[in-house]
Amino acid sequence: MATNKNEHLKKVLDTHDINKVEHLSKFIEKKNKVKDALNKKFSDQKASNSIDSGSYAKNTAINTKFDIDCCIPFKKKTPGNNDEKGFESLSEMFDEVYKYLKNEYTEEDNDLSKDNVRKQKVSIGLKFDIDGEEFDMDVVPGRERPNNNDYNDSNTDLSLYINPSNRSKKEEDEGKTRIKTNIKTHIGLLNGADRTHERKVTKLLKVWKTERKNKNGGKLIKSFMMELYTKEAFDNTDEIPSGLWEKTKLVMNHIIDNIETTDLVDPANSSNIISDSMSDTAKTQTKRDMKNTLKDVENDSDKIKEYFPINDEFDNEDNSSSNSSSKASVLSTSKFG
Amino acid sequence: MKEEDNTIRKIYSLLKKDKDLVIVDTIKKVDNYYKGKIEVNYLNEKLSFNFAIPNNYPLTHPNSDNISIIFKNRDYIGLSHINPDGSVCFHPNKDDNFDRKLLYEIKCLKQWIKDYYIYKKEDDNYSYLIHNTESDRIDKLYFTNTVNNFRKNTFGTFSYSIFSDERFGTKKFAIKKLFRLGFEDGKNDTWSHTFVEELKSKTCKKGLYYFIEEEPLNKKNRGRKGIENWDELEDYISDKFIEYLYKGLKGEFSNSYYHDNNLFLIIGYKIPNHNAYEEHWDLIRIPKKNVPIEYKRINKSEQKEKGLKRRFEHSIKSNKIHWAWTENIDYTRFFGRGKLDNKITASNILIIGCGALGSSLAEILVRGGAENLTIEDFDTIKGGNLCRANYDLDDMILFKTNSLLKRLQSISPFVSLNEISIKLNNYDTQNVKEYLNKNIDIIFDCSTDTEVTYIIDKINFTGTTFSLAITNNAKSFVSITGNKLTKQAKTIFDFVENEPPSYFEGTGCGYPTFEANYNDINALLNVGIKVINNNYSKNKNHETFIIQPDFGDELIIDIEEYEYYNLNDINSAIHISKSVLKRIEEETKFHYPKEFGGVFIGYKTDVSFIITDILIPDQYKNGKTIFVRHPGTLNQRLSEIHNKTNGKIQYLGEWHSHPDGPTNPSRTDINAMQEIAKDRNINIDKPLLMIVEIDKTSFGKDLYIYDNKKLKKYE
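Going down the list, the sequences are from chains X and F.
All letters in the first sequence, in the order written, are residues 666 to 1002 by my numbering.
All letters in the second sequence, in the order written, are residues 63 to 777 by my numbering.
Keep in mind that the hints were calculated from the coordinates and are not lab data.
Don't be surprised by glycine CBs; every beta carbon is placed ideally from N, CA and C.
Keep in mind that the hints are not guaranteed to be accurate.
[To be verified] Covered by chain X, according to a simulated footprint, are these stretches of chain F (three or more residues, beta-carbon under 8 Å): (1) 160-168; (2) 699-709.
[Unchecked claim] Within a straight-line C-alpha distance of at most 27 Å, the following computed DSS-like cross-link-like pairs (lysine-lysine) qualify: (3) K750/X with K282/F; (4) K914/X with K948/X; (5) K698/X with K312/F; (6) K896/X with K676/X; (7) K1000/X with K887/X; (8) K675/X with K309/F; (9) K312/F with K730/X; (10) K382/F with K698/X; (11) K281/F with K700/X; (12) K849/X with K81/F; (13) K698/X with K172/F; (14) K705/X with K282/F; (15) K849/X with K282/F; (16) K81/F with K700/X; (17) K896/X with K214/F; (18) K182/F with K700/X; (19) K675/X with K183/F; (20) K705/X with K214/F; (21) K312/F with K267/F; (22) K691/X with K214/F; (23) K874/X with K268/F; (24) K706/X with K108/F; (25) K81/F with K705/X; (26) K282/F with K792/X; (27) K79/F with K691/X.
[To be verified] One-sided excerpt, in silico: chain F residues whose CB lies under 10 Å from chain X: (28) V102; (29) Y104; (30) N211; (31) E277.
Take these sequences, add in the hints, and give me the full structure.
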């Protein structure tokens, strides 16, 4: 019997619901603890309290792949001005946060050891062990711009430090050490009632990507790019199609049409070409995978289960009520008088 | 006093059991509540709540929708499941055990904190923004789903009609109902043509619209809280609009923009619906005398610094926004809870006859979502025909059509109505033919006037007709459909127990009418419309059907549909009950691959037959190409039936199957029928024969009558 694609996709969303993660509350608790610690330690240098970041904050997380991160915006100290608070250089900012987390924070948190505090490209990665459960979290230090005390509700631009050892070839060639962006803009990209359907499609594409990676490995399109493409696809269409599958198709076709040819620009900084961080091979691979997926599913609706699998861990199909029995009664001869 | 202290102590001890709770204030009894304040430390988040436990706890508040302990904090307004007053909205299970219920409600509170404060869980359905609307008046704008595809920051004018403007009660509470007509540079609302005319006949005014695209939220708030002041709105509107609004309010807007010295502004944004997004609009009242915009002159240096072209600035004051109300009553919502099938509601419908049946039917159709209705009747309403029809005292003396029209219009803004106050036979048949075939898709004939079916039969109407009637004392409800309506009616009404009308108005004179009360009529009419709607929604053929309530020893309402076959040569016709056909199919399938058969019983007048039932023989022999029916107990049964129905129901003919074979009668079949026709003991000299073609999956049939030594086939 042909699979009802929309019903199946709905089930995919339900079984991948982030709120089903068993230890989610512990992870949130931990994230809040780190935020509080950072706010306290850098109470003078921070431009505002830490903000939530990562897919969890964006409301696009799935329970098989999620990021519960945070970003701490710092003030910019004008060189030579000792009355001002903040950091003069980005590398100093990055290192201070790293040192604090590695040396001081680990002293007050048993779930984190020094070895598990690592420098990443623009963030510091923390790998917690909470009662046997592993929890990874990124802390992104950012610095206000353009000048001291310019950070406020209407100006949330930040400069991030790029760790030299983690740069891509292109970035190395360009000698890039910093990146201007806006975490709040990224978080708000698919936020709000007017992006409800976009969030659903983004989650489905993440499920697709995770499955492709499990099956074939290789490098595929970054989640952030999928989010940007989803937004673009919805904004550019004349009429939003009906049904989860048609909407997913809309975005996948948009990616297929644009990934190799058009630049994808950071909404927070038009000089950042997000698509440059992806290699041409990865782009071609993604395009090919998406094309195959669409073709296979259109030919045989059952295939959708392979490309967009349900998370079995959270699939509770057997709703057998205790009132009904599993088969009918079978009678023999009864004699009455 | 002592009891209250005990309760307070009990609450203390229960709250202390939860390590995440801290009791901040002493718990006191204030009026009908035990009030206090708690702090909850959960998942490294600290929240505080004022709580109020009703004094009759664990019972819930009287006169409310399952409200138990109130946990309140105005700071959380805007988060999911927080009421406009800041209380957490949940409906706990009822319990009569104080301790258990209190601990359970604390658990519910923590669940709320987890799901909606920390996790910020998204509910599946969108919940509308709640604004602080004005409490001393209600201005409400009704609109439909317009698809303007406005870009963000588009603004302009829209028009609306003042549908009603009334004051209620001793305090003269003002309620205004406004209906939007459409946008000046955009689409019109999708009210029906007739309703738009009604709206335009009332006072109409202009308002302003501004499409902000995203919800007007207080951005600092943790949840989704609507903005309250004009300076918060500034984040969402362009300088160009501010200037336009200012100039307008200061004199450029004419009187047509104001109603009672108020200008109405609607703010539009996208909200998700099940499939995509729709435009939603919130309403703001701007009193002419209280302009929320200031105009400031600035000095040259400030002008240079800000890079402005002119030496003044408009700035928005921090006045409170006068939020009013809106409601989207688009057709899909208005009839969202249930409507009749689209094939009915989208059709052009004509109701002939607006008496007991017609007037109630019209309301059923309109409440069911009908969009195009024409009603016809020549009669007026009298005291005597009011009670079981859809009229009231104000309608007496007036024309039925006119009164019914007004009533229907006051129910739905989506129906276009027409009336014809003259009998159909007044018009030239050719004109009637042209008019009906061009303009009408479905006719409901509720006239009980045979001339109507004469006319419809004659003009070869291209749509579908349902000729409805109720017999005396509401013993039957009949719906006749298909071709030859008049002929069908005659046979059916002869068959159905139909006493002549008996009720004479007053002391007599004039035509008698049938008796039946309002409930009896509507009980049957409602079921009849349900049958018709069911056939439309399942795409089944419409057949003539009869509904008969049979309240004897058992309570049964019998619904029987009949397939109709004609043999024009000899002006013969058969109505065969669909449940008979179903039984025949079951019996013949059971015996497949052997032949099987039985006899028909039913009603006949001349050569019009109504097959109502079959008799299964208890003595027979059957094989693949042979079926021998012995009388067995058949004769006994026929005799019983004859006695019971006073000869009305009798033997009509035979049926049998040809497994895998065609439905053509064999030589044997013809001979058998010849014998039956000649048999003097058999009352019928033109017996019927049905041959059924059967295999594992399909069922086909043909009907024949033995007449003039031949078996003639029905179409």
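Checked hints:
no., hint, result
1, 160-168, "violated (count 0)"
2, 699-709, "violated (count 0)"
3, K750/X with K282/F, "holds, 25 Å"
4, K914/X with K948/X, "holds, 18 Å"
5, K698/X with K312/F, "violated, 55 Å"
6, K896/X with K676/X, "holds, 23 Å"
7, K1000/X with K887/X, "violated, 75 Å"
8, K675/X with K309/F, "violated, 51 Å"
9, K312/F with K730/X, "violated, 57 Å"
10, K382/F with K698/X, "violated, 39 Å"
11, K281/F with K700/X, "holds, 21 Å"
12, K849/X with K81/F, "violated, 35 Å"
13, K698/X with K172/F, "holds, 19 Å"
14, K705/X with K282/F, "holds, 22 Å"
15, K849/X with K282/F, "holds, 13 Å"
16, K81/F with K700/X, "holds, 23 Å"
17, K896/X with K214/F, "holds, 16 Å"
18, K182/F with K700/X, "holds, 18 Å"
19, K675/X with K183/F, "holds, 17 Å"
20, K705/X with K214/F, "violated, 41 Å"
21, K312/F with K267/F, "holds, 18 Å"
22, K691/X with K214/F, "violated, 41 Å"
23, K874/X with K268/F, "violated, 52 Å"
24, K706/X with K108/F, "holds, 20 Å"
25, K81/F with K705/X, "holds, 25 Å"
26, K282/F with K792/X, "violated, 32 Å"
27, K79/F with K691/X, "holds, 22 Å"
28, V102, "violated, 14 Å"
29, Y104, "holds, 9 Å"
30, N211, "holds, 8 Å"
31, E277, "holds, 6 Å"
In this structure, the hints that do not hold are numbers 1, 2, 5, 7, 8, 9, 10, 12, 20, 22, 23, 26 and 28, in rising order.
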